[in-house]
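Novice: Listed here are the chains, written in short residue letters.
Number of protein chains: 2
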Amino acid sequence: MKEITIIGAGLAGSLSALMFANRGFKVTVFEKRPDMRKEEISAGRSINLALSERGISALKRAGIDEDVLNEVMPMSGRLIHSISGEKSLQPYSGREGDCINSVSRGGLNMKLMDAAEATGKVTFEFGVGCKRIDFDNNTLTIENDNKELKQVKFETIIGSDGGGSYVRLAYQLGGVRRFNFSQQFLDHGYKELVIPPTEDGGFRIANDALHIWPRGTFMMIALPNLDGSFTCTLFMPFEGKNGFEDLDSEEKVQSFFEEYFPDVLQHMPTLMEDFFTNPHDKLGTIKCFPWAIGDKALLIGDAAHAVVPFYGQGMNASFEDCRVLDELLDKHNDDFALTYAEFEQVRKANADAIGDLAVQNYYEMRDHVAHKDFQIKRDIEVDLEKTTNYNSKYSLVTFCDNVGYAEAKKRGELQDEFLLDLIDKGEHVGKSSNEILELINKNIKV
Amino acid sequence: MKEITIIGAGLAGSLSALMFANRGFKVTVFEKRPDMRKEEISAGRSINLALSERGISALKRAGIDEDVLNEVMPMSGRLIHSISGEKSLQPYSGREGDCINSVSRGGLNMKLMDAAEATGKVTFEFGVGCKRIDFDNNTLTIENDNKELKQVKFETIIGSDGGGSYVRLAYQLGGVRRFNFSQQFLDHGYKELVIPPTEDGGFRIANDALHIWPRGTFMMIALPNLDGSFTCTLFMPFEGKNGFEDLDSEEKVQSFFEEYFPDVLQHMPTLMEDFFTNPHDKLGTIKCFPWAIGDKALLIGDAAHAVVPFYGQGMNASFEDCRVLDELLDKHNDDFALTYAEFEQVRKANADAIGDLAVQNYYEMRDHVAHKDFQIKRDIEVDLEKTTNYNSKYSLVTFCDNVGYAEAKKRGELQDEFLLDLIDKGEHVGKSSNEILELINKNIKV
Chain A
1 MKEITIIGAG
11 LAGSLSALMF
21 ANRGFKVTVF
31 EKRPDMRKEE
41 ISAGRSINLA
51 LSERGISALK
61 RAGIDEDVLN
71 EVMPMSGRLI
81 HSISGEKSLQ
91 PYSGREGDCI
101 NSVSRGGLNM
111 KLMDAAEATG
121 KVTFEFGVGC
131 KRIDFDNNTL
141 TIENDNKELK
151 QVKFETIIGS
161 DGGGSYVRLA
171 YQLGGVRRFN
181 FSQQFLDHGY
191 KELVIPPTED
201 GGFRIANDAL
211 HIWPRGTFMM
221 IALPNLDGSF
231 TCTLFMPFEG
241 KNGFEDLDSE
251 EKVQSFFEEY
261 FPDVLQHMPT
271 LMEDFFTNPH
281 DKLGTIKCFP
291 WAIGDKALLI
301 GDAAHAVVPF
311 YGQGMNASFE
321 DCRVLDELLD
331 KHNDDFALTY
341 AEFEQVRKAN
351 ADAIGDLAVQ
361 NYYEMRDHVA
371 HKDFQIKRDI
381 EVDLEKTTNY
391 NSKYSLVTFC
401 DNVGYAEAKK
411 RGELQDEFLL
421 DLIDKGEHVG
431 KSSNEILELI
441 NKNIKV
Chain B
1001 MKEITIIGAG
1011 LAGSLSALMF
1021 ANRGFKVTVF
1031 EKRPDMRKEE
1041 ISAGRSINLA
1051 LSERGISALK
1061 RAGIDEDVLN
1071 EVMPMSGRLI
1081 HSISGEKSLQ
1091 PYSGREGDCI
1101 NSVSRGGLNM
1111 KLMDAAEATG
1121 KVTFEFGVGC
1131 KRIDFDNNTL
1141 TIENDNKELK
1151 QVKFETIIGS
1161 DGGGSYVRLA
1171 YQLGGVRRFN
1181 FSQQFLDHGY
1191 KELVIPPTED
1201 GGFRIANDAL
1211 HIWPRGTFMM
1221 IALPNLDGSF
1231 TCTLFMPFEG
1241 KNGFEDLDSE
1251 EKVQSFFEEY
1261 FPDVLQHMPT
1271 LMEDFFTNPH
1281 DKLGTIKCFP
1291 WAIGDKALLI
1301 GDAAHAVVPF
1311 YGQGMNASFE
1321 DCRVLDELLD
1331 KHNDDFALTY
1341 AEFEQVRKAN
1351 ADAIGDLAVQ
1361 NYYEMRDHVA
1371 HKDFQIKRDI
1381 EVDLEKTTNY
1391 NSKYSLVTFC
1401 DNVGYAEAKK
1411 RGELQDEFLL
1421 DLIDKGEHVG
1431 KSSNEILELI
1441 NKNIKV
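These protein sequence lines map, in sequence, to chains A and B.
At position 159 of the first sequence the residue is numbered 159 (this note's numbering), and the sequence of numbers has no breaks.
At position 373 of the second sequence the residue is numbered 1373 (this note's numbering), and the sequence of numbers has no breaks.
Be aware that one or more of the hints could be misleading.
[As the list claims (entries may be wrong)] When the alpha-carbon atoms are kept at most 27 Å apart in a straight line, the in silico BS3-like pairs for lysine-lysine are as follows:
#1 A:Lys282 <-> A:Lys252
#2 A:Lys282 <-> B:Lys1287
#3 A:Lys348 <-> B:Lys1287
#4 B:Lys1032 <-> A:Lys131
#5 B:Lys1147 <-> A:Lys147
#6 A:Lys372 <-> A:Lys431
#7 B:Lys1147 <-> A:Lys131
#8 B:Lys1150 <-> A:Lys131
#9 A:Lys296 <-> A:Lys87
#10 A:Lys287 <-> B:Lys1282
#11 A:Lys150 <-> A:Lys121
#12 A:Lys282 <-> B:Lys1348
#13 A:Lys147 <-> A:Lys131
#14 B:Lys1131 <-> B:Lys1372
#15 B:Lys1087 <-> B:Lys1002
#16 B:Lys1002 <-> B:Lys1026
#17 B:Lys1348 <-> A:Lys287
#18 A:Lys150 <-> B:Lys1147
#19 A:Lys26 <-> A:Lys153
#20 B:Lys1287 <-> A:Lys287
#21 B:Lys1296 <-> B:Lys1131
#22 B:Lys1131 <-> B:Lys1147
#23 A:Lys147 <-> B:Lys1131
#24 A:Lys32 <-> B:Lys1372
#25 B:Lys1087 <-> B:Lys1377
#26 B:Lys1425 <-> B:Lys1410
#27 A:Lys348 <-> B:Lys1282
#28 B:Lys1372 <-> B:Lys1431
#29 B:Lys1425 <-> A:Lys150
#30 A:Lys348 <-> B:Lys1241
#31 A:Lys331 <-> A:Lys348
#32 A:Lys372 <-> A:Lys410
#33 B:Lys1121 <-> B:Lys1060
#34 B:Lys1060 <-> A:Lys296
#35 A:Lys131 <-> B:Lys1131
#36 B:Lys1287 <-> A:Lys150
[Said to hold, decoys possible] Reference excerpt, derived from the structure (chain B facing chain A, CB under 8 Å, subset only):
#37 Arg1037
#38 Arg1178
#39 Asn1180
#40 Ser1182
Don't read these hints as lab results, they were simulated from the structure.
Ideal Cβ placement from N, Cα and C applies to all residues, glycine included.
Working from the sequences, and respecting the hints, build out all of it.
Specialist: Quick look at the structure:
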């Protein structure tokens, strides 16, 4: 293999381009959108994201972690806003320094493209869509902005073209004989809104936490940006009362925010414009298999396993794909067939796990966050993490990049079950962290 | 609504064309294959199928049941062939006359097309594929055999174009904003083989049963045809030992049949030709939702809910779709929006149920059929059906067209669980059918 063809210059495509270039390969990346470094790209994608250990570990492997971490906003926990305006901080972990990092999607993507180009081995072609892939004859039909079609040969294709992947569609339309595929959408969608900086460029609310306004069937979250602003995301049903289709007038939006988000309304001076200008979009989980066609093609990132955003792991899972792919190329001395085969075996179970965890967390964030036993469990786990080597499910998923998602899910669920049962029986009362850890270790075998 | 556009002239499309014509609608059916009444169509679809109550009930509503039932081979049970050549008949039900009917797919399809055309209201256009559907502007782009494209207007589309439905793909590609969709394939495929008639046109093996040769990870079945032949279907893994890819020489096929199907090998003189000429094909389950787009489009049959063949219900479920659709048009006075909306609500749960039952039966037929407790349960259930109004899960699914698949599945599974538990404890011993029925009715509430 001499040359790599990558479809999609998003986060996964750009990082994998950089990693392939670092291995010495020549890389061409086709991206159907324009170059975001030259043109402002319309909204519809999340503006900021939470970067955590798995993502950082992959960036480190590509030698770009420091550059990225210079421009993030660390968040040490969830700051829960009650409807009456009370705030409570739930730390993500009991361990000092464990935080997730709000990062600009666009800024990060541009950094990755710049770094890939700087290797001298990567060419990005923008405004070029993928129209047909003939896997038998290694031929790709691309279309430029003028609707001109061109056939190009490829050695191997990396399909990193996101949740709406064309490469995956080509698998479904005959590229793979028995292509298992599912796409499942939530009844809820999301819309992005803004809390701008203060006039002197300061933050209007705490800038070291991820803000959550949980309200049962809907919720809002806010992540800080470097410029003093926050990007808010409103999650709610498409249909029915307090759903996107219902909120169709300024009066309704105003009274909805007054009723449910009174403490933040004052900080959202552009609410009406944002609400009626910004689209609301769908949230879905994609699972499929196989991901590889011999050494000819491999799906990575959202193209292989799009997840809903409620565990903050979509980007991190995609970056972890890039890291694992690079490690397997080491292991197999750049034998692509062996690498792709092991990659899809190793990553599939982990991708399924984070996909399921993210859907579960959607219900948990809406409903359980305020539940009493859940709070007690969190307190016990924070204490355990402070004083022992214990990791909660959230920590296993978010901070332990040496544990796969599948194992994190399994162990995390057993721990949750055990602790909730202990609390239910009142047996946690009066026990020290070490005593509880001993019980956990005795009872849970993964 | 004045005119109906149907995509696909298979079993569901042809029966629904007939039913729409019977209601007075003008109908155009586009079918991408040639007219099977004029040209022999290549293999790859199952040659015969098992017609049971749900299918018959729909044919009756269309007034074509007698004509169809004149040309079927009734099968009263499963005739199990052991590897040593012993045969045992498992009746499908304890009730006299309960049987399923082997029917020629092609013959039935042609009868339905003839009957639809005879109404004077249905036009079939063959060799016409569907290339694009613009649901917003009610425009369909069709392509004839000469690759000429034409745009036609439609009022409403019935997507009855099977498991590989183009109409469903158009939903996925943007026709429906949040289209839940899954296609899951088994590791096993199927290949059709033949037991020809004797020289004087007789049957070589019993013609009143469905023959099964269960062999663990693979199996063969045979259904009788009117002409004295049987169509055999060999189900086996694609890969690995005793899989399709492994059996790549006449020697291997010969010794495979000698080892596992010795009693039938003598009846298969064209085995080698059939084995290496006939394709082996995949087996998959398709689930999706929604099925309807307002009053503009509706998926029915395999296009909406393809199932694996192990419950013999694919065609019956499709025909039941046609019956329910026709009944709902009665109920809603031909209001298509109301009809489609209620149809997808009512049918989705039933389609999911038969899809799941069919996959479960795949494991049951391979593995459980020979299990001792399973045999005792069958015997108890046959007795119950002989002497009481009890219906086993199989009977609920196959013979009770007044019970939906979802209810049949739920009740059937509870009955199975209860009876297997009873047998496990030995509590069935010495009890009369009436006593067992009383226990079942006391313990099972659906």
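Novice: Hint by hint, say whether it matches the structure.
Specialist: Hint check results:
1. A:Lys282 <-> A:Lys252: Judged against 27 Å, a Cα distance of about 22 Å means the pair holds.
2. A:Lys282 <-> B:Lys1287: holds, 20 Å
3. A:Lys348 <-> B:Lys1287: Holds. A:Lys348 to B:Lys1287 sits at ~22 Å (cutoff 27 Å).
4. B:Lys1032 <-> A:Lys131: Distance of about 23 Å is within 27 Å: holds.
5. B:Lys1147 <-> A:Lys147: With a Cα-Cα distance of about 21 Å, the restraint between B:Lys1147 and A:Lys147 holds, given a limit of 27 Å.
6. A:Lys372 <-> A:Lys431: At roughly 19 Å apart (the allowed maximum being 27 Å), A:Lys431 and A:Lys372 satisfy the hint.
7. B:Lys1147 <-> A:Lys131: Answer holds: B:Lys1147 to A:Lys131 is near 19 Å, not above 27 Å.
8. B:Lys1150 <-> A:Lys131: Between B:Lys1150 and A:Lys131 the Cα gap is close to 22 Å, so the pair holds against 27 Å.
9. A:Lys296 <-> A:Lys87: Violated, because 53 Å separates the two Cα atoms, which is more than 27 Å.
10. A:Lys287 <-> B:Lys1282: With Cα atoms ~20 Å apart, A:Lys287 and B:Lys1282 stay inside 27 Å; holds.
11. A:Lys150 <-> A:Lys121: Cα-Cα ~22 Å, so holds.
12. A:Lys282 <-> B:Lys1348: holds, 22 Å
13. A:Lys147 <-> A:Lys131: This hinted pair holds, its Cα atoms lying about 10 Å apart.
14. B:Lys1131 <-> B:Lys1372: violated, 53 Å
15. B:Lys1087 <-> B:Lys1002: violated, 56 Å
16. B:Lys1002 <-> B:Lys1026: Holds, because 7 Å separates the two Cα atoms, which is no more than 27 Å.
17. B:Lys1348 <-> A:Lys287: The hint holds at about 21 Å.
18. A:Lys150 <-> B:Lys1147: holds, 21 Å
19. A:Lys26 <-> A:Lys153: holds, 14 Å
20. B:Lys1287 <-> A:Lys287: It holds: about 14 Å lies between the C-alpha atoms, which stays within 27 Å.
21. B:Lys1296 <-> B:Lys1131: holds, 17 Å
22. B:Lys1131 <-> B:Lys1147: holds, 10 Å
23. A:Lys147 <-> B:Lys1131: With a Cα-Cα distance of about 19 Å, the restraint between A:Lys147 and B:Lys1131 holds, given a limit of 27 Å.
24. A:Lys32 <-> B:Lys1372: It is violated: about 61 Å lies between the C-alpha atoms, which goes past 27 Å.
25. B:Lys1087 <-> B:Lys1377: holds, 19 Å
26. B:Lys1425 <-> B:Lys1410: Roughly 23 Å separates the two Cα atoms, so the pair holds.
27. A:Lys348 <-> B:Lys1282: holds, 22 Å
28. B:Lys1372 <-> B:Lys1431: The given pair, whose Cα atoms are some 19 Å apart, holds under the 27 Å limit.
29. B:Lys1425 <-> A:Lys150: violated, 71 Å
30. A:Lys348 <-> B:Lys1241: Holds: A:Lys348 and B:Lys1241 sit about 25 Å apart, inside 27 Å.
31. A:Lys331 <-> A:Lys348: It holds: about 19 Å lies between the C-alpha atoms, which stays within 27 Å.
32. A:Lys372 <-> A:Lys410: Since the Cα atoms of A:Lys372 and A:Lys410 sit roughly 24 Å apart, the hinted pair holds (cutoff 27 Å).
33. B:Lys1121 <-> B:Lys1060: holds, 20 Å
34. B:Lys1060 <-> A:Lys296: With a Cα-Cα distance of about 53 Å, the restraint between B:Lys1060 and A:Lys296 is violated, given a limit of 27 Å.
35. A:Lys131 <-> B:Lys1131: holds, 15 Å
36. B:Lys1287 <-> A:Lys150: violated, 36 Å
37. Arg1037: violated, 29 Å
38. Arg1178: holds, 4 Å
39. Asn1180: holds, 5 Å
40. Ser1182: holds, 3 Å
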